[in-house]
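2 protein chains.
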Amino acid sequence: MAESIKRPGLDYIFHPGSTAVVGAIPDSLSRFKLGNQFVRILLDHGYKDPLYAVGSGEGEVCGLKLYQSIGDIPGKVDYVITAIPNQFVPKLVEDCGKKGVKVMHLFVSGFGEIEDKAGLELQSEILRNARKYGIRIIGPNCMGIYCPESNLAFGMGFSKVSGRVGYLAQSGGQCILGIKEANRRGIDFSKVVSYGNASDINECDLIEYFTEDPGTDIITAYIEGTNHGPRLLRALKEAVARKPVIVFKCADTGGGSQAAVSHTSAIAGSSLTWDALLRQAGAIRVYSVQEMFDVVTVLQRCPEVTGLRTLVVGHGGGSCVQASDDCCRAGLSMPMLPPVLRQALMKVYRTDAGNIFKNPLDINPYWGMDKAREALSAVAGWQGIDLILLHSTPEQDPFVPRDFQYKIHTETLIEWARLSPKPVVLAMTTNTAPGDDGLPEKSFNQMQKEGFAVFPSVGRASTALFRVYNYYQRSRRGTRISA
Amino acid sequence: MAESIKRPGLDYIFHPGSTAVVGAIPDSLSRFKLGNQFVRILLDHGYKDPLYAVGSGEGEVCGLKLYQSIGDIPGKVDYVITAIPNQFVPKLVEDCGKKGVKVMHLFVSGFGEIEDKAGLELQSEILRNARKYGIRIIGPNCMGIYCPESNLAFGMGFSKVSGRVGYLAQSGGQCILGIKEANRRGIDFSKVVSYGNASDINECDLIEYFTEDPGTDIITAYIEGTNHGPRLLRALKEAVARKPVIVFKCADTGGGSQAAVSHTSAIAGSSLTWDALLRQAGAIRVYSVQEMFDVVTVLQRCPEVTGLRTLVVGHGGGSCVQASDDCCRAGLSMPMLPPVLRQALMKVYRTDAGNIFKNPLDINPYWGMDKAREALSAVAGWQGIDLILLHSTPEQDPFVPRDFQYKIHTETLIEWARLSPKPVVLAMTTNTAPGDDGLPEKSFNQMQKEGFAVFPSVGRASTALFRVYNYYQRSRRGTRISA
Numbered sequence: 001m002a003e004s005i006k007r008p009g010l011d012y013i014f015h016p017g018s019t020a021v022v023g024a025i026p027d028s029l030s031r032f033k034l035g036n037q038f039v040r041i042l043l044d045h046g047y048k049d050p051l052y053a054v055g056s057g058e059g060e061v062c063g064l065k066l067y068q069s070i071g072d073i074p075g076k077v078d079y080v081i082t083a084i085p086n087q088f089v090p091k092l093v094e095d096c097g098k099k100g101v102k103v104m105h106l107f108v109s110g111f112g113e114i115e116d117k118a119g120l121e122l123q124s125e126i127l128r129n130a131r132k133y134g135i136r137i138i139g140p141n142c143m144g145i146y147c148p149e150s151n152l153a154f155g156m157g158f159s160k161v162s163g164r165v166g167y168l169a170q171s172g173g174q175c176i177l178g179i180k181e182a183n184r185r186g187i188d189f190s191k192v193v194s195y196g197n198a199s200d201i202n203e204c205d206l207i208e209y210f211t212e213d214p215g216t217d218i219i220t221a222y223i224e225g226t227n228h229g230p231r232l233l234r235a236l237k238e239a240v241a242r243k244p245v246i247v248f249k250c251a252d253t254g255g256g257s258q259a260a261v262s263h264t265s266a267i268a269g270s271s272l273t274w275d276a277l278l279r280q281a282g283a284i285r286v287y288s289v290q291e292m293f294d295v296v297t298v299l300q301r302c303p304e305v306t307g308l309r310t311l312v313v314g315h316g317g318g319s320c321v322q323a324s325d326d327c328c329r330a331g332l333s334m335p336m337l338p339p340v341l342r343q344a345l346m347k348v349y350r351t352d353a354g355n356i357f358k359n360p361l362d363i364n365p366y367w368g369m370d371k372a373r374e375a376l377s378a379v380a381g382w383q384g385i386d387l388i389l390l391h392s393t394p395e396q397d398p399f400v401p402r403d404f405q406y407k408i409h410t411e412t413l414i415e416w417a418r419l420s421p422k423p424v425v426l427a428m429t430t431n432t433a434p435g436d437d438g439l440p441e442k443s444f445n446q447m448q449k450e451g452f453a454v455f456p457s458v459g460r461a462s463t464a465l466f467r468v469y470n471y472y473q474r475s476r477r478g479t480r481i482s483a
Numbered sequence: 001m002a003e004s005i006k007r008p009g010l011d012y013i014f015h016p017g018s019t020a021v022v023g024a025i026p027d028s029l030s031r032f033k034l035g036n037q038f039v040r041i042l043l044d045h046g047y048k049d050p051l052y053a054v055g056s057g058e059g060e061v062c063g064l065k066l067y068q069s070i071g072d073i074p075g076k077v078d079y080v081i082t083a084i085p086n087q088f089v090p091k092l093v094e095d096c097g098k099k100g101v102k103v104m105h106l107f108v109s110g111f112g113e114i115e116d117k118a119g120l121e122l123q124s125e126i127l128r129n130a131r132k133y134g135i136r137i138i139g140p141n142c143m144g145i146y147c148p149e150s151n152l153a154f155g156m157g158f159s160k161v162s163g164r165v166g167y168l169a170q171s172g173g174q175c176i177l178g179i180k181e182a183n184r185r186g187i188d189f190s191k192v193v194s195y196g197n198a199s200d201i202n203e204c205d206l207i208e209y210f211t212e213d214p215g216t217d218i219i220t221a222y223i224e225g226t227n228h229g230p231r232l233l234r235a236l237k238e239a240v241a242r243k244p245v246i247v248f249k250c251a252d253t254g255g256g257s258q259a260a261v262s263h264t265s266a267i268a269g270s271s272l273t274w275d276a277l278l279r280q281a282g283a284i285r286v287y288s289v290q291e292m293f294d295v296v297t298v299l300q301r302c303p304e305v306t307g308l309r310t311l312v313v314g315h316g317g318g319s320c321v322q323a324s325d326d327c328c329r330a331g332l333s334m335p336m337l338p339p340v341l342r343q344a345l346m347k348v349y350r351t352d353a354g355n356i357f358k359n360p361l362d363i364n365p366y367w368g369m370d371k372a373r374e375a376l377s378a379v380a381g382w383q384g385i386d387l388i389l390l391h392s393t394p395e396q397d398p399f400v401p402r403d404f405q406y407k408i409h410t411e412t413l414i415e416w417a418r419l420s421p422k423p424v425v426l427a428m429t430t431n432t433a434p435g436d437d438g439l440p441e442k443s444f445n446q447m448q449k450e451g452f453a454v455f456p457s458v459g460r461a462s463t464a465l466f467r468v469y470n471y472y473q474r475s476r477r478g479t480r481i482s483a
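Protein chains in written order, with this note's numbering: chain S, 1 to 483; chain V, 1 to 483.
Honestly, the hints are just simulated from the structure, not real lab data. One or more hints might be untrue.
Since the list can't tell identical chains apart, any single copy or any two copies may satisfy a pair.
To be verified - Taking lysine-lysine and the DSS-like style, the derived pairs with C-alpha atoms no more than 25 angstroms apart in a straight line are:
(1) 48 - 160
(2) 407 - 33
(3) 442 - 407
(4) 371 - 91
(5) 160 - 371
(6) 442 - 99
(7) 160 - 132
(8) 33 - 65
(9) 237 - 33
(10) 347 - 117
(11) 102 - 407
(12) 407 - 91
(13) 371 - 237
(14) 243 - 117
Please read all numbers here as calculations on a predicted model, not as lab measurements.
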């Protein structure tokens with residue numbers, strides 16, 4: 001990115017000039033110590049700036065010299081990843097302060113989130129000292145920063161490609177699951193922060209940052225609770241005015257709140273309060289990371305959704321009935337195909353026996369790709385619709401081998417999708433335990449690589465479309481979100 | 001099955017002494033003609049009674065002589081599978097009548113479900129003639145009968161094992177999808193009927209049959225509409241008094257109803273009417289075939305569900321928070337773990353940092369199987385709960401290779417499940433496109449082979465438990481459903 005673009009205040013935490021990982025031991029003793037693993041992940045991810053390993057014992061970590069303390073490192077250190085027991089953290093903060101460290105990520109747990117009062121006191125002490133030295137704290141009890149642009153990462157196999165989605169997550173696990181979910185669906189990130197207990201850098205800071213960040217087009221968030229209600233509402237409102245914000249607010253029930261307070265010390269707040277807050281802010285609320293990236297998929301892979309009138313096209317009577325139900329139940333509407341278009345379809349197939357030419361359309365892909373193409377061409381331009389939803393359930397076919405089912409259905413959906421002048425989504429439904437031959441995943445990936453918005457069910461596709469439509473209605477923004 | 005067990009009236013349709021498939025051509029011309037495929041499927045499925053192929057041309061079909069007409073067959077014919085264009089069906093009915101055929105399955109479409117009035121008239125004519133000869137009609141516009149006991153089948157790869165679940169489905173595709181969904185989840189069928197337009201044998205006949213059938217413990221149904229409201233209500237009530245009935249009523253919305261009338265000529269009826277009908281009958285309502293067999297899974301693989309107080313056990317803070325939300329949202333409750341049990345867990349792990357010991361329990365499977373086992377043993381006998389829900393999200397772990405993640409999580413869930421003296425369900429959550437290495441499916445199958453009730457999400461598991469609990473409450477039956 002050109003230096004001339006104005007970067008928001010917190011930007012430096014994503015671009016440290018040098019990084020130290022504290023909590024390693026010589027690889028000769030164990031390569032599985034957490035500190036060693038953080039070092040290995042950074043190197044695997046192509047981290048290019050000076051990187052140091054700190055810990056006890058003499059030796060090397062992934063070919064790097066192991067330093068005994070932060071103070072021993074010859075060069076300057078901007079960013080410190082901390083993977084040591086919590087009682088040693090206060091001393092480390094002192095050392096980091098003297099060394100001029102700017103940001104510390106605290107992986108360790110056992111602070112504000114446990115019931116022992118000492119944990120909360122320890123967290124306060126760390127924070128006090130960090131403030132004295134001007135050090136910003138990420139965590140404790142979290143995974144830290146993933147930023148492809150600066151080669152920072154905290155998990156194996158994360159995409160090395162920079163994208164346009166910002167993600168903040170109070171949970172490390174949900175953060176990792178979200179990254180993997182997104183990456184598999186062709187979605188890349190500008191920056192991701194797993195921020196845990198939010199003792200210093202919190203959800204408000206990060207939303208404000210992503211709002212200003214020119215590298216971020218869409219903000220996604222997993223939040224368990226907040227201590228900053230009014231500021232969060234303000235931050236969300238300002239963010240939504242600039243870009244879509246998708247929030248997976250968890251800890252929404254009695255059981256969830258019990259869990260959250262032990263997980264990240266979050267005060268979950270009542271479900272009603274959060275619902276009101278997210279509605280007032282105009283954020284898109286979802287209920288899983290899968291749903292979160294369903295919404296991103298529509299935002300990135302479809303033109304603006306300007307209406308809900310949907311043409312539903314697929315194969316199989318029962319499958320079409322269910323698709324129509326799932327589509328309507330999610331809030332989309334299905335106007336009846338006008339007689340002139342039904343006649344056009346009758347011309348292609350000579351009969352409507354075994355087909356449905358209304359809305360939905362039931363078109364048999366085994367009757368030839370030419371006819372399938374001709375049929376969709378005849379109706380795709382219809383002015384009465386805003387959206388086209390293509391669906392298939394390959395395993396409903398009785399006479400066809402499994403691999404051929406998937407091949408034909410995948411090719412047909414792709415051909416149809418190419419013909420659509422409207423926003424189009426593709427849904428392929430499979431069984432619960434779809435067999436370990438990987439065929440459904442291969443089909444999914446094949447459709448996705450063509451650039452289409454692909455979903456594992458009509459319900460998920462429709463719900464994502466409905467949410468995105470409402471977002472556009474609220475924000476009255478007409479710009480297409482770039483991938 | 002011993003001959004002494006009384007079999008209900010319609011039983012003979014599932015045990016024809018001989019079968020003919022009409023609509024074949026010599027294999028030398030094409031093996032893909034539908035009639036040929038029906039013959040091949042029956043032979044593959046081990047059909048043992050006399051089997052005849054009927055069609056035009058001279059030659060063989062799968063080694064069987066091809067007869068020109070039903071009348072040419074030397075022996076008697078009980079059951080006829082019909083795969084010829086609809087205009088030839090009236091003549092065939094005459095031939096069958098003269099031959100003494102008892103049941104005809106009409107695969108073909110183009111009758112009551114198309115808009116051409118001639119289709120409906122054709123259907124009426126066929127029915128009139130069939131009645132004259134005492135022939136029962138299945139369909140038209142359907143797949144017919146699958147009955148492992150008599151080796152009847154209509155799709156490739158169906159299980160050859162007889163089970164205790166009866167399934168009637170108005171849609172052929174949903175029927176096949178349901179059979180595959182069930183088979184992959186270790187569920188086998190007593191009898192399955194895809195009944196299409198229901199011109200003669202209809203949903204009421206089949207529910208009444210399954211109610212009386214000693215081979216059927218659980219009735220499942222995919223229904224788009226009915227022309228027999230009062231009789232259906234009565235049949236469902238009588239069925240529910242004897243065994244659980246699970247209904248996937250489709251064509252529930254405007255779009256769905258538009259589709260259904262073209263699919264099976266079903267008058268869908270209003271969603272409210274159906275909701276009331278199914279409630280009054282005490283049937284379990286579901287919204288997909290996947291959900292249908294979720295419910296069967298709980299019925300077959302868990303002891304009676306006598307309450308909803310649930311202990312939720314898994315790994316990962318965010319994952320536990322979401323699991324708790326999903327569990328509570330589905331209607332289960334999560335009482336707080338009493339202090340004495342929390343102390344017992346503290347003894348096992350020394351600290352609650354990085355764990356949650358409340359309800360949910362967050363227990364790290366990487367800290368050793370012995371500890372994991374000890375921890376669950378300490379709480380599994382707790383009198384304050386009725387259910388145990390075990391969940392995992394393997395891909396949330398940052399430092400562990402994917403295959404090792406799945407291995408550890410799967411082994412841990414199995415070990416924990418073995419320790420449970422209560423009804424226990426297992427939920428493993430994966431990404432939307434979970435990679436084409438088949439690891440999630442392998443884990444799913446491994447847990448399932450141990451006999452446990454396995455689900456792809458906490459929400460699905462919880463919803464199935466809630467539905468089954470309500471069924472037991474209504475029916476006050478205490479008997480365990482055998483697999």
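A quick look at each hint next to the structure:
{"no.": "1", "hint": "48 - 160", "in the structure": "within (13 angstroms within a copy, 59 angstroms between copies)"}
{"no.": "2", "hint": "407 - 33", "in the structure": "between (45 angstroms within a copy, 21 angstroms between copies)"}
{"no.": "3", "hint": "442 - 407", "in the structure": "both (10 angstroms within a copy, 23 angstroms between copies)"}
{"no.": "4", "hint": "371 - 91", "in the structure": "neither (73 angstroms within a copy, 32 angstroms between copies)"}
{"no.": "5", "hint": "160 - 371", "in the structure": "neither (42 angstroms within a copy, 37 angstroms between copies)"}
{"no.": "6", "hint": "442 - 99", "in the structure": "neither (51 angstroms within a copy, 50 angstroms between copies)"}
{"no.": "7", "hint": "160 - 132", "in the structure": "neither (36 angstroms within a copy, 73 angstroms between copies)"}
{"no.": "8", "hint": "33 - 65", "in the structure": "within (16 angstroms within a copy, 72 angstroms between copies)"}
{"no.": "9", "hint": "237 - 33", "in the structure": "neither (42 angstroms within a copy, 62 angstroms between copies)"}
{"no.": "10", "hint": "347 - 117", "in the structure": "between (77 angstroms within a copy, 19 angstroms between copies)"}
{"no.": "11", "hint": "102 - 407", "in the structure": "neither (54 angstroms within a copy, 40 angstroms between copies)"}
{"no.": "12", "hint": "407 - 91", "in the structure": "neither (61 angstroms within a copy, 39 angstroms between copies)"}
{"no.": "13", "hint": "371 - 237", "in the structure": "neither (49 angstroms within a copy, 47 angstroms between copies)"}
{"no.": "14", "hint": "243 - 117", "in the structure": "neither (40 angstroms within a copy, 54 angstroms between copies)"}
In this structure, the earlier hints numbered 4, 5, 6, 7, 9, 11, 12, 13, 14 are contradicted, and the remaining ones agree with it.
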